[in-house]
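Protein sequence lines correspond, in order, to chains A and B.
All letters in the first sequence, in the order written, are residues 7 to 84 by our numbering.
All letters in the second sequence, in the order written, are residues 24 to 165 by our numbering.
If you are wondering where the hints come from, they were derived from the structure by calculation, not from laboratory data.
Keep in mind that the hints are not guaranteed to be accurate.
Covered by chain A, per the in silico footprint, the following chain B stretches (three or more residues, Cβ under 8 Å) [what the hints assert, rightly or not]: (1) 31 to 40; (2) 62 to 71; (3) 98 to 107; (4) 131 to 143.
Cross-link-like lysine-lysine pairs, in silico, DSS-like; alpha carbons within 25 Å at most [as the list claims (entries may be wrong)]: (5) B:Lys105 <-> A:Lys10; (6) B:Lys95 <-> B:Lys105; (7) A:Lys8 <-> B:Lys102; (8) B:Lys102 <-> A:Lys80.
Bear in mind that the values here come from a model prediction, so they are computed numbers and not experimental data.
By construction, the Cβ of each residue, glycine as well, lies at the ideal position given by its N, Cα and C atoms.
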Amino acid sequence: MKAKLGVSALVLLFLGGLWLVAAPFAVGYQPRGAEYVDATVNDLWVGGGLAGLAFVALVIYAADALRELARRGKHAES
Amino acid sequence: MIRKFVGAVAAALALMAGLWLMIAPWALGSQPDNADWTDITTSEFWTGLGVAVVGLAGAISFALAIHEELVKRGLVVVKPRKVEQPEPEAAPAAPQASSAELASLLAPLVEALREDMNRGDRAGGEHRQNGKATLVGVEDNR
Chain A
7 MKAKLGVSAL VLLFLGGLWL VAAPFAVGYQ PRGAEYVDAT VNDLWVGGGL
57 AGLAFVALVI YAADALRELA RRGKHAES
Chain B
24 MIRKFVGAVA AALALMAGLW LMIAPWALGS QPDNADWTDI TTSEFWTGLG
74 VAVVGLAGAI SFALAIHEEL VKRGLVVVKP RKVEQPEPEA APAAPQASSA
124 ELASLLAPLV EALREDMNRG DRAGGEHRQN GKATLVGVED NR
């Protein structure tokens with residue numbers, strides 16, 4: 007249950023990272039075609055990093071859970 | 024186990040990223056001092072706050088999950104919480120004076136009474152005896 011809560015937090019963090027990447031253009035403080043302002047660069051790096059981190063953590067979580075399932079299946083067969 | 028650890032680390036890093044986002048407008052100079060918050064500040068501050076809160080919740084959740092698993096495996100022993108005993112009722116107050124103290128207090132009085140009685144016997148029995156005669160009668164006999 008607690009781990010599920012953590013996984014939900016990771017999903018929310020992934021979505022938050024995506025929002026950060028889109029925010030400069032969605033909110034409008036980054037004019038189209040202009041050079042990126044400092045806030046845009048910051049948001050892109052932090053948002054991209056956050057989304058990537060959350061994604062990698064979710065993938066590792068899923069992979070480890072699958073490995074454990076496979077191990078249990080092996081034990082059940084033998 | 025390792026997946027929960029990875030999750031906890033990722034959530035802790037997200038917490039730090041959220042805190043950075045909250046102060047970034049001032050750190051990067053996109054928010055002028057003594058001015059209303061710009062769109063950049065509003066967006067980054069509230070997004071950072073949300074990221075920090077979710078990161079904190081995730082880190083706590085994963086940490087609790089790791090602790091739970093360690094307990095299940097017997098690697099961590101949970102100390103049983105002491106059941107709070109109701110406070111014992113206060114002992115009844117000690118008697119004001121023990122019988123020995125009472126005896127020592129009354130001793131001079133008893134002694135005085137005995138001396139008084141002995142003196143009365145020697146003086147010729149002028150004292151009235153209890154129940155034998157009224158005080159008025161005794162005085163009349165004098």
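Can you give the numbers of the hints that this structure goes against, from lowest to highest?
3, 4, 5, 8
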